[in-house]
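Number of protein chains: 2
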Amino acid sequence: MSPPAPLDVDLVAVTDTTAVPVPDPLTVNGISAWRAKTAKMPTGVAAACSSDMFKSPICYTKPKAKRFDHRFSLEAKSRKPSTLKTAARYLKNPGLISLGGGLPSPEYFPFEHLDIKVPTPPGFSPEATRESGTVLRAGKHDIQDGSSTFGLIYIADLEIALNYGQATGAAQLLRFITEHTELIHKPPYSDWQCTMTAGSTYAWDTTLRLLCERGDYIIMEEYTFASAAETAFPLGLKAVGIAMDEQGLLPESMDDILSNWDEKARGARKPFVLYTIPTGQNPTGATQSAERRRAVYKIAQKHDVIIVEDEPYYFLQMQPYVGEDAEPVPPPATHEDFIKSLTPSFLSMDVDGRVVRLESFSKVVSPGTRVGWIVASEQIIERFIRNFETSSQNPSGISQIALFKLLDEHWGHSGYLDWLINLRMSYTARRDSLVHACEKHLPREIAHWVAPAAGMFHWIEIDWHKHPGIAAGKTHAQIEEEIFLSAVEAGVLLSRGSWFKPDHDTIEEKMFFRATFAAASSEKIDEAISRFAGSLRSQFGL
Amino acid sequence: MSPPAPLDVDLVAVTDTTAVPVPDPLTVNGISAWRAKTAKMPTGVAAACSSDMFKSPICYTKPKAKRFDHRFSLEAKSRKPSTLKTAARYLKNPGLISLGGGLPSPEYFPFEHLDIKVPTPPGFSPEATRESGTVLRAGKHDIQDGSSTFGLIYIADLEIALNYGQATGAAQLLRFITEHTELIHKPPYSDWQCTMTAGSTYAWDTTLRLLCERGDYIIMEEYTFASAAETAFPLGLKAVGIAMDEQGLLPESMDDILSNWDEKARGARKPFVLYTIPTGQNPTGATQSAERRRAVYKIAQKHDVIIVEDEPYYFLQMQPYVGEDAEPVPPPATHEDFIKSLTPSFLSMDVDGRVVRLESFSKVVSPGTRVGWIVASEQIIERFIRNFETSSQNPSGISQIALFKLLDEHWGHSGYLDWLINLRMSYTARRDSLVHACEKHLPREIAHWVAPAAGMFHWIEIDWHKHPGIAAGKTHAQIEEEIFLSAVEAGVLLSRGSWFKPDHDTIEEKMFFRATFAAASSEKIDEAISRFAGSLRSQFGL
Numbered sequence: 001m002s003p004p005a006p007l008d009v010d011l012v013a014v015t016d017t018t019a020v021p022v023p024d025p026l027t028v029n030g031i032s033a034w035r036a037k038t039a040k041m042p043t044g045v046a047a048a049c050s051s052d053m054f055k056s057p058i059c060y061t062k063p064k065a066k067r068f069d070h071r072f073s074l075e076a077k078s079r080k081p082s083t084l085k086t087a088a089r090y091l092k093n094p095g096l097i098s099l100g101g102g103l104p105s106p107e108y109f110p111f112e113h114l115d116i117k118v119p120t121p122p123g124f125s126p127e128a129t130r131e132s133g134t135v136l137r138a139g140k141h142d143i144q145d146g147s148s149t150f151g152l153i154y155i156a157d158l159e160i161a162l163n164y165g166q167a168t169g170a171a172q173l174l175r176f177i178t179e180h181t182e183l184i185h186k187p188p189y190s191d192w193q194c195t196m197t198a199g200s201t202y203a204w205d206t207t208l209r210l211l212c213e214r215g216d217y218i219i220m221e222e223y224t225f226a227s228a229a230e231t232a233f234p235l236g237l238k239a240v241g242i243a244m245d246e247q248g249l250l251p252e253s254m255d256d257i258l259s260n261w262d263e264k265a266r267g268a269r270k271p272f273v274l275y276t277i278p279t280g281q282n283p284t285g286a287t288q289s290a291e292r293r294r295a296v297y298k299i300a301q302k303h304d305v306i307i308v309e310d311e312p313y314y315f316l317q318m319q320p321y322v323g324e325d326a327e328p329v330p331p332p333a334t335h336e337d338f339i340k341s342l343t344p345s346f347l348s349m350d351v352d353g354r355v356v357r358l359e360s361f362s363k364v365v366s367p368g369t370r371v372g373w374i375v376a377s378e379q380i381i382e383r384f385i386r387n388f389e390t391s392s393q394n395p396s397g398i399s400q401i402a403l404f405k406l407l408d409e410h411w412g413h414s415g416y417l418d419w420l421i422n423l424r425m426s427y428t429a430r431r432d433s434l435v436h437a438c439e440k441h442l443p444r445e446i447a448h449w450v451a452p453a454a455g456m457f458h459w460i461e462i463d464w465h466k467h468p469g470i471a472a473g474k475t476h477a478q479i480e481e482e483i484f485l486s487a488v489e490a491g492v493l494l495s496r497g498s499w500f501k502p503d504h505d506t507i508e509e510k511m512f513f514r515a516t517f518a519a520a521s522s523e524k525i526d527e528a529i530s531r532f533a534g535s536l537r538s539q540f541g542l
Numbered sequence: 001m002s003p004p005a006p007l008d009v010d011l012v013a014v015t016d017t018t019a020v021p022v023p024d025p026l027t028v029n030g031i032s033a034w035r036a037k038t039a040k041m042p043t044g045v046a047a048a049c050s051s052d053m054f055k056s057p058i059c060y061t062k063p064k065a066k067r068f069d070h071r072f073s074l075e076a077k078s079r080k081p082s083t084l085k086t087a088a089r090y091l092k093n094p095g096l097i098s099l100g101g102g103l104p105s106p107e108y109f110p111f112e113h114l115d116i117k118v119p120t121p122p123g124f125s126p127e128a129t130r131e132s133g134t135v136l137r138a139g140k141h142d143i144q145d146g147s148s149t150f151g152l153i154y155i156a157d158l159e160i161a162l163n164y165g166q167a168t169g170a171a172q173l174l175r176f177i178t179e180h181t182e183l184i185h186k187p188p189y190s191d192w193q194c195t196m197t198a199g200s201t202y203a204w205d206t207t208l209r210l211l212c213e214r215g216d217y218i219i220m221e222e223y224t225f226a227s228a229a230e231t232a233f234p235l236g237l238k239a240v241g242i243a244m245d246e247q248g249l250l251p252e253s254m255d256d257i258l259s260n261w262d263e264k265a266r267g268a269r270k271p272f273v274l275y276t277i278p279t280g281q282n283p284t285g286a287t288q289s290a291e292r293r294r295a296v297y298k299i300a301q302k303h304d305v306i307i308v309e310d311e312p313y314y315f316l317q318m319q320p321y322v323g324e325d326a327e328p329v330p331p332p333a334t335h336e337d338f339i340k341s342l343t344p345s346f347l348s349m350d351v352d353g354r355v356v357r358l359e360s361f362s363k364v365v366s367p368g369t370r371v372g373w374i375v376a377s378e379q380i381i382e383r384f385i386r387n388f389e390t391s392s393q394n395p396s397g398i399s400q401i402a403l404f405k406l407l408d409e410h411w412g413h414s415g416y417l418d419w420l421i422n423l424r425m426s427y428t429a430r431r432d433s434l435v436h437a438c439e440k441h442l443p444r445e446i447a448h449w450v451a452p453a454a455g456m457f458h459w460i461e462i463d464w465h466k467h468p469g470i471a472a473g474k475t476h477a478q479i480e481e482e483i484f485l486s487a488v489e490a491g492v493l494l495s496r497g498s499w500f501k502p503d504h505d506t507i508e509e510k511m512f513f514r515a516t517f518a519a520a521s522s523e524k525i526d527e528a529i530s531r532f533a534g535s536l537r538s539q540f541g542l
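Keeping their order, the protein sequence lines are chains A and B.
Counted the way full-length UniProt numbering counts, the first sequence spans residues 1 to 542.
Counted the way full-length UniProt numbering counts, the second sequence spans residues 1 to 542.
Only chain A is shown next, with the shape it has when bound in the complex:
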């Protein structure tokens, strides 16, 4: 454990743009021209960087984010820049020999090169990749050797990836992430920033420590990702659950709870952190429409709430569900069509800078990279960076260079969007298999569902009041357990709805089971749902 070279972010100077015409929005095709105009990519070990080095001029025509000083925890407010950082300014002195930092020499990194074999667009399938994939190489000294020996220009190599890095992650991948964020979300304020994270779970843990104090409540959907709630509880936090419909959380319910918050009765101040999974919600599969998000955002403004949008499933938005016999909807014809087809994020409507967007490569590239990122206002991101500097430091450099080689050097934004469209079509087929199986097998007298528009999960409501156990005085928990165990007995494992209920002060009125279509084959899915149907029929005496 040794200090990385400190972060010393030089913000790009923002000139007064009121007199000049508004610049064009960034487009996929416009990126290479814009890159040519920006400053050279920093290629030193643990080089400082920030999204401001990569955002296009249109960003700076927008107003700045509001300040959220009053929302930071005591822990967050106490964080100071690293002491060892103070020495970094001298590193720019020409000819200076540094005996200051504790970075090991790359001559002792036992990796000479790293190769990855990856898909060559449009051949995204495993078969195509095996046959015609591309091998990408990261050498130890590519930056130095490339330009000196081969006249090639490299901006990343193992010498850098294997050493200490900045909390933001390396500039090379941060540029891709920043551009991607601008292309997709076009945040409506100027001083947004990205920082990489050691995965979204960790980002959420850090977010709670940044904003909350022991004893606080946080706002969650009535049903939510169980682990997200379990990240919060040991910190002494409680959850208040917001009612949902098939579009997810209900803004009126949130307004109602916050407007009538009784500090004395609750023993806690009015909550101001909303954790939401707006797209393909886990576990309900619900996706908030644009209109719904705008309504939620308004309530957040009214009560000065910070919205934490956890969006691992954003690019698992699928084609509309059309039923088994209907003609499938053709895939988006262009990248622009694809981007337009996506439900706008909270980030895209965040005029105040009150959204903390948690991004993840887990569902679109792979969970094992343990690389995610956060988008939020500069003020908030700065506090995250101060935290990461003395905790995770930075995501794995090996993961970062593998992602950089794949996403930036090989695919580029265009290839990555092609990959995401391909993923969309694959998940559509998987979702369809599961919904078809439900239509085919499940007893409609007691089972109800809506085909999910995004994500990995299908949420099946069971009309438990029709269960014979009711007459015997059995509770919700008992009947849910019986149905669950009977399904296991029949050879299918689903998740119980009650596992996902974070608010322990309220009673569950409905009963749900969650099924995922992410992993099993369509044959197995059909068989699994058929087994579940059988167990339901026997449970309910149908």
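Treat the hints as calculated values from the structure; they're not laboratory data.
Accuracy of the hints is not assured; some may be wrong.
When chains are identical, the list treats them as one kind, so a pair holds in a single copy or across two.
To be verified - Simulated pairs of lysine-lysine, BS3-like, Cα-Cα distance not exceeding 25 Å:
| id | residue 1 | residue 2 |
| --- | --- | --- |
| 1 | Lys186 | Lys40 |
| 2 | Lys85 | Lys510 |
| 3 | Lys238 | Lys340 |
| 4 | Lys77 | Lys238 |
Remember, it's a predicted structure, so these values are computed and weren't measured experimentally.
Since the structure of chain A is provided, determine the placement of chain B on it from the hints.
Chain B in isolation, oriented as in the chain A frame:
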């Protein structure tokens, strides 16, 4: 963000061993025989594992660790096993189809294989690696394809490495780490465990949250790694500094402070967490002798202190310093000699299970892996795992498989020890360059040092009372700053001793500068020290 398959550690059954002869200690050469007797390596996605699967029989002949329930923080005590974990037990049912977990399908991981080119022992130099290094390949489905198609047995592949993992890290690398720990440290209690971490900085942050409450003091060396103190401060912790000599922290000073702790005057309970860097301490370069460690351990027992030993420099223990003209000491002839040459760790004398050992690959393989590990008692490790499950989850799977391929599959323990011996000789040469340069250039009237026995750092004391600024009434801080800036002016960057002082309640009596020999070449080191000497002479009018 989605739940990894839950941890469900099946501890190896420990039979009563009192009647049977004591098993032999584990040796490098005995490992393959022992492996052949243990259970099959689990190769499922996010397969549960623990060090108990890999420890040799002698471990179980030892008494169990003490319990430390009274030392856990409220946060640590509040952690519960994951709700979604409860479903895992059913995954063992034969024929069960799981629609339960949210793991993505490997068919969407866009990596077909990963190759790394690494040194072939004994050719460890970068030149030898380029010429005769070995290329190691991890394919996507090696486990399945290897055994089915080629009759080869693989225990790791990308299908697993790229998916979600357990908080402990994957069994494959955990086995190597566990065996390495047993070979080197032979912990004297039975129920020790290892868990991987997303780097030692993160492990330290987590340790503080596991043991301390806001308002507590922690015990640190008088001078310590600045970032370690800065990890603690925002959590509302203060540091009490223990006096040091050239062997590091003084047990009498620690005993004195703890015996006379005045809760009222300090406004805090008596501290019980010691953070120490026993080997090649940062910044002082001091290494505690075995005797010193035993004395410190006794004081820790007396006051029921938990010792957190942060040991990134353990394998940077060097050959004895013999001066420029003396015959160099030959390297250890055998692995056994090498292991014996190492100063015993606190872990190796930890009869109570009160040591939390933070381990790192940063200084011996590379910092960019962001993989470290912790060794501690089962009770303590279990609390770490509960924390990691809802925060970092697991270190990067790509880093893990690269380390596994290199350390286990290719080098094995024998090759890794050769690598560490090679590193020892390299750091010895670097240390010698710096000490020689000091002997050659620095004015002995005002500069004093001891050749470090381990680590990356050289600690130079400057007799600041001889500085002409004293007559002008200048303070310690002012004179330190003048010397520092004068060196920068002369073209050399060192670190100021005051940066490393965590205890803000005491006054600094001496003055130090820290120089590292880790990164610069021997020519540059000589030039840098020559510049520093010049700036000192002009500062002190010599």
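Exercise. Honestly, which of those hints from before does the structure not fit?
Worked result: The structure conflicts with hint 3 only, although it agrees with all the remaining ones.
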